[in-house]
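What follows is each chain in one-letter form.
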Amino acid sequence: MISREELRDSARKGLGSDGLMPDATQSWDRLVEMGWFVMALPEEDGGLGLGAEALASVHVELGRALMPGAAIAQMAAIEVLAAAPDFAGRADLLASAAGGERIAFSLEAQGAGSLAWVPDADLAGQMLVVSADRIALAPIVSATHRATWDMSRRLFDVAVGDETVIATGADAARLHERAQATVLLALAADSVGAAEAALEMSVEYLKTRRQFDRPLALFQALKHRVADMRIAVSAAEALLWSRTGDGVSLADLGSLKAYACAAFLHVAEETVQLHGGIGLTVEHPCHLFLKRAFLNAALCGDADHWNAQAGRKSLLATT
Amino acid sequence: MSEQPEALATLRGTLRAWLAAHRPADWRDAATHEQFVASQRSWFAQLVGAGYAIPHWPAQWPGGGRSLAEQKVIYEELARADAPRLLLSFVSTYHAFATLHECANDDQKARYLPGILEGETWCQGFSEPGAGSDLAAVRCRAERKGDVYVINGQKVWSTMAQYADRCLLLARTSTEGAKQAGLTYFLMDMKAPGVTVRPIHQIQGDEEFAEIFLDNVEIPVSERVGEEGQGWAVAQATLSSERGLTLMELGYRMRGALSRIAALIRDSGRADDAGVLRDFGALTGQVDAVCALADQFLENRMKGVERVGDASIVKNAYSRSLRAWSALGVRLGGIEAQTIAPITYGDLNSGNWMADFMNSYAWTIAGGSEEVQRNIIAERMLGMPREPKNWVVA
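As they're listed, the protein sequences go chains A and B. Following my numbering, the numbering of the first sequence begins with 1 at its first residue and continues without gaps. Following my numbering, the numbering of the second sequence begins with 1 at its first residue and continues without gaps.
Honestly, the hints are just simulated from the structure, not real lab data. Worth double-checking, as some hints may not be accurate.
[To be verified] Cut-off 20 Å, straight-line C-alpha distance, at most; resulting in silico cross-link-like pairs (DMTMM-like, lysine to aspartate or glutamate): (1) A:Lys291 with A:Glu200; (2) A:Lys313 with B:Asp272; (3) A:Lys313 with B:Asp273.
[Said to hold, decoys possible] Quick list of simulated restraints, FRET-style, between CB atoms: (4) B:Gly383 with A:Gly277: 19 to 27 Å; (5) A:Glu177 with B:Gly383: 55 to 63 Å; (6) B:Ser268 with A:Asp302: 22 to 30 Å; (7) B:Ser268 with A:Met34: 33 to 41 Å.
For every residue, glycine included, the Cβ atom is placed at its ideal position computed from N, Cα and C.
Build out the structure end to end from the sequences listed, making use of the hints.
Structure, rendered in structure tokens:
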């Protein structure tokens, strides 16, 4: 069993000192080399069979680096395919996917059979299409780039050819839920990691930037805001690790994602403000956090949706 | 950490069964302070007898010698069973115990520790009208005259001092040098001549705190803890006596009390109101996050990797959530919640929404206010520079 700390350390070592938002192609190769796409694969499929906690650990680090690309989508696709009933070519497909061969996948996994919001679909030959009654593989016919404010991800609208259905009925429903669970956990972890990085950057800036003959970090009005950011990120992280166990419901993962994204939004919004004018320039990375925070919040069901679900569940649990 | 899961499960099972048989079901019915105090005393005596009152004391004491993991189990089960919290004996079993255990001499330990188990209660005489967040600014004077110290001054915000037998007193023996260096620590008899206690009437109708007036009170030199001038160091032992378990217990109790909001939503026919469900769902997430934080804090303590500021994060997250919990109750309670209802002594999550809301300030202000906790997080955890010490306001 690999611990969270070991994964974190190896991730940081592997990602190295490339800084924020490293080159997408090189990073993809590095993720493959580090074996991160093998992690979710069951051992009988040649993978490591690591669970949700390990995956979340990796996504925290990817968030910290504002990693571009389709890692969340690829890992979710691998998880769904690994959990699917056997189909022709399953073993080869899983092996090649774990080796970095791309399978496109929509981050709007909560919707039915969504062909939108697919990261790096122009680099993939086929797509995994997921809905509650049908899981299918399909060749990508065209991928149209949809420019989003978040520059750290490239999202596409996809058109696909003839589908090869690999699961229907109860299997499809189960896999659809699995897909959502994976994406929700990944987005929550990504948000925690990115919020942590934005917080560290803000603290460093306040210690360095001087006005009125003193560092900004000396002003209590700013200290208190930074302390609140620290509390928000710590609480989101604690909630994350408390929901990486077995048997966590989709509603609980949704509420985790809503909570973590709210913390990230809070921190990202404050990060721009605390940096003052420099935070409004494209040369400074402040805006990258802000834009990623808004995209994470909007993907795979927003806070309104998941909080209402959590409220309903909590209401039923206390009847 | 060496705890076997089976041993913890056994403890949990035994305690759960014991609580099912012994938990006083009527503890919320106390209509007067006297009834509340009586029910607290009897519950404490029962827990002492069963061996669950002082799990954090050393093993030589009956019910002591429990690991942190075992203590966690005990508080989880007390919260789960909705048993009354040990409010009246809290300062005695934590603050007085820690102070005596860590800093007192053998005579003082022998004199006072056994009494705590017999129900003797202590209060804390630290805060003053001019020394709140800035505790070292204590002005209450202690002057040595032969074999006694003569005490003059005023203490405030002393929890349940009106029922206390003894007091952990921080007083000033010197005005020279740094303000921390002039403090000395005493064990004071609350029945000594010159001690007057006046309960503080709180805005929600409770009298959980009191003022203590000290008029030429004589304390024998033998009741001094440590040397003259060491009071600040001894006070740190008092204040760090309880870290984590209470917030974990309170977090779990707040999670249990989400059912009160749920009942409010159902009873007012808003179970399908999406806006209400959203707010309730968000609150549920917030409360779960507090519980996860408190759990993580205790685990880090058990592993010995607690960091400076961690406790401040848990405390602020808890106090904010308690405010949010009660605020949602007040809002959903509507105009009905504005009708005065008798308070429930000793219950933070009573469902008397306005009282609960006002009670939540005790957590954002007492025990180091939210603002002080933010300073600790910013300065000691994040390394932001402290303000120069000698700023003078023109």
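Right, here's what the structure says about each hint:
{"no.": "1", "hint": "A:Lys291 with A:Glu200", "result": "holds (18 Å)"}
{"no.": "2", "hint": "A:Lys313 with B:Asp272", "result": "holds (12 Å)"}
{"no.": "3", "hint": "A:Lys313 with B:Asp273", "result": "holds (14 Å)"}
{"no.": "4", "hint": "B:Gly383 with A:Gly277: 19 to 27 Å", "result": "holds (25 Å)"}
{"no.": "5", "hint": "A:Glu177 with B:Gly383: 55 to 63 Å", "result": "violated (44 Å)"}
{"no.": "6", "hint": "B:Ser268 with A:Asp302: 22 to 30 Å", "result": "holds (26 Å)"}
{"no.": "7", "hint": "B:Ser268 with A:Met34: 33 to 41 Å", "result": "violated (53 Å)"}
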